[in-house]
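Chemist: Protein chains in written order, with the numbering used here: chain A, 178 to 342; chain B, 5 to 164; chain C, 20 to 327.
Derived by calculation from the structure, the hints in this document are not laboratory data. Don't take each hint at face value.
Claimed, not checked - Counterexamples of contact, computed for chain A against chain C with all Cβ distances above 10 Å: (1) Leu180; (2) Gly205; (3) Thr282; (4) Asp284.
Said to hold, decoys possible - For lysine-lysine, the following BS3-like pairs were computed, each having C-alpha atoms within a straight-line distance of at most 30 Å: (5) B/Lys13 - A/Lys289; (6) B/Lys13 - C/Lys51; (7) A/Lys313 - C/Lys51.
Cβ coordinates follow ideal geometry from the N, Cα and C atoms, glycine included.
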Amino acid sequence: MKLLKRLMCTARRRSPWLFHMNSGSCNGCDIEIVAALSPRYDAEQLGVRLEGSPRHADILCVTGPVTRKAVGAVKTVYDQVLGPKAVIAIGSCPATTNVFIDSRTLDGPLDKHLPVDVFVPGCPPRPDAIIAGVAKAAQILAERGNKAPQPIVAIAAETTEEVNQ
Amino acid sequence: MNILIMLWKNLRRGYQTLLFPAHPRVTPRFRGLVQFDPALCTGCAVCRFRCTSRAIEFKAGKGEFTWSYNPGQCTFCGRCVEGCAEHALKEGHTEHALSQQEAVPPVYTTQGELKKSYTVARRPPAAKMATTATARSAGGDARTTAGLEAGATPATGGAQ
Amino acid sequence: MNLLTALARLLIFPGLLFAVPAAWFFLWVERKSVALMQERVGPPFMQPFWDFVKLLGKSTPPRPGIAGLLMRAWPLIAVSAAAGAVGLLPVLPSSGGFEGDLILLLALLELPSICIIAAGFSSRSIFGEIGSAREAALSVSYNIVFLLAIVSIAASQHTFRLEALASAPFTPLHWLGVLAILVCLPAKLHINPFSLPNAEQEIYSGPMTEYAGPELAMWELSHGLEWVAGTGLVATLVAPHIAIPWGGAWLAACIFVAISFGVVLLLSALAAATARLAIDSSVRFYWQCTLIFAVLAVSSAIFMRFRS
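The whole structure should be built from the sequences, with the hints applied where relevant.
Modeler: In C-alpha cells:
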C-alpha cells in the first residue's frame, strides 16, 4: 500500500494539469502564462498541460483581481475542478488587488473566496517564476494526498524588525 | 516546403529551452524588488505618497518611524525610487534610501509572507543644517541592518 | 487456434500487456518529437504513464441516471475495442496474428470514434454536442476514403485475411492504398491539421469536456491504443515487402515496430508543421482531394479482378 501511495504522490507531482481562469485581469499575467508554454521556458518539461476543461485539470491558475461579477464564476469553476486540487494566484492582483485597491468593482483578494496554495508575485510575474509556482503547487499536491484543502486562513501577521541602535 | 525546412533546422539546432530551475539573466534596467537602506532614509514619506498600489506604508512615531514594504502588493513601477532620488537631490544628497534591484520576488504560500518592516530612529539633521542647533529627540545614529533581500530572514535587533 | 492461445494473444502479446506500454511509448514519441521540432525540450520519458496514474487518483463527479451510466461505459468500450484491434495485428507474421480478418480490424478501429461521438452527446454539455457533431462530419468524410482504399487492396487479392494480405505480391495498387491510409490517419488520430474534435480552448475540449478522473485516463489510453493500431495497420501492409529472408520471426517483429515508429515520426512532423483546419476545410479536403484516389483504387481493383 505504501508503494501505491508513493506512486500516486510521484504521479501527482510529475503531471500537473492546469486550467487558467481570468477573473478580471489586465491580461498581462495571461500573456506571461502563454509565454511560459513557449519554447524558451517550456512548461511541458515538468509535464504541465494547459487543459481546455476545468474537469480535466488539477491546478486552477487565477489571474486578475476578483471583480464582483467574476466571483460567482470563479467559485463555480473551482467547484468544477475535481479531486486533489490546488489554486495558484498568479500576479499581485489576486493576492492583494495591487493597484486596484479601494476599487468599487472588486470583491476582495482571491483569498476571500478560495483557499489559495501558492502566490506568484510580480506585475506581471516572469514566466520562469510562474513555472516555479506551478512546480511548488505540484509539490504541495503530492504531499497533500487525498486530504481536502485547508480552510481559508486569515492574513498572516507582518514581521517587523527593529533597527539596531 | 518552408515549414519542413524550418522543422529540420530546429531538429538540428536542438532545444533552446531553459531547463527548470534556471532563470534567465535580466537586463540592467530591469525593475525588480525595491531595496531600502535605513541609514540613508530621512523619513520624508515621499515614497508612500507616490506609491501607486499602497505597497509602502509609513507610520511616524515619536523620534522614530516605521517603513514597510510588501512585494506582493507592489506593481514594480519605480515611482517610489524616482521620488526618493528627486527628494534627495533637492536636499543636496547624492545617495538615497531606495533603489530597485534586479531581483524578482519569490513565490510564496501564505498571504503577507513577504512583507518587511523597518523601524528607523530619526537622526539629527545633516551637517549643512547643524548650525541651527535644533536638536531632534533621537539619540545616536541608526546602524544599518541587512537590506531587503528576497527571501532573507529579517534581522532581529534590540530596540533602541 | 485454441482458446488458450487466443487469450494469450489477446491479453499478453500483442494484446493488452504489450499494447498498453506501446501506447504510452507512442504517445510520448509524438509529444517529444513535436516538442523537439518546435525547439522545446518536451515531456520526460514516463510522462504518459504518470498522467495515467494521476488521473486514476482523481475523483469523479456524481453521474446519475442512464446518461451517467452511458458516460461511464463509452471509455471502456473504446479501450477494449482499440486493444482488440492491436491484438489482431500480425506483429509476428509467421504466427499470423489472431487469424481475424480485415473486416473485424476495421470495425474495431472504428469503434473509438463512434464512442467519442456518443460520449459527447451523452455528456449533455453544449461543448460536447458541438465537438461530437464535428467528429461525426469528419468521420464520415475520411472513412469513405479509408474503407475504399482497404477494400480495394483486399479485393485485388481476393482475400480479407490479414496474413494473406500481408504476404501478397507487390502491386502499385497496394502502395496507393497505403498512401490513402496514411492520408486518413491524421484525421482518425485527431492530429493537426485535423485535430478539430478535441480542440482545446476553442470548444473546451469538445466531447471530453465533462469527463474526469479514471474515465479520462481510459480515453487517453484508447487514444494511445488507436495510435498503435493505426500505425500497426500501415506496418502490416508495408512490412513484408521489406522482409529480409534471414533473421526469423523476431527480426520481422522488430521491423514491424520500426515501421510503426517511422509512421509515428512522420505523423508528428505533419502535426508540428500544420495548424488546425476548420471543419469545412477538412471535410472539403477529404471529399475533393482524396476521394479521387480512392475511386481510382476501387476501379483498378475491379478492373484487375475482371481481367484475371
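Chemist: Find the nearest Cβ of chain C to the Cβ of A/Gly205 and say whether that gap is larger than 10 Å.
Modeler: holds (19 Å)
Chemist: Run the C-beta distances from A/Thr282 to all of chain C and say if the shortest one exceeds 10 Å.
Modeler: holds (27 Å)
Chemist: A/Leu180 clear of chain C by more than 10 Å, beta carbon to beta carbon?
Modeler: The claim stands: A/Leu180 keeps its Cβ more than 10 Å from every Cβ of chain C (closest is about 12 Å).
Chemist: Sort out whether A/Lys289 lies within 30 Å of B/Lys13, counting only the CA atoms.
Modeler: violated (50 Å)
Chemist: Regarding the pair B/Lys13 and C/Lys51, is the alpha-carbon distance no greater than 30 Å?
Modeler: holds (16 Å)
Chemist: Just checking, A/Asp284 versus chain C, shortest CB gap more than 10 Å?
Modeler: Non-interface label on A/Asp284 holds, nearest chain C Cβ at 25 Å vs cutoff 10 Å.
Chemist: For a C-alpha distance cap of 30 Å, please report whether A/Lys313 and C/Lys51 respect it.
Modeler: holds (24 Å)
Of the numbered hints given earlier, the model fails hint 5 alone.
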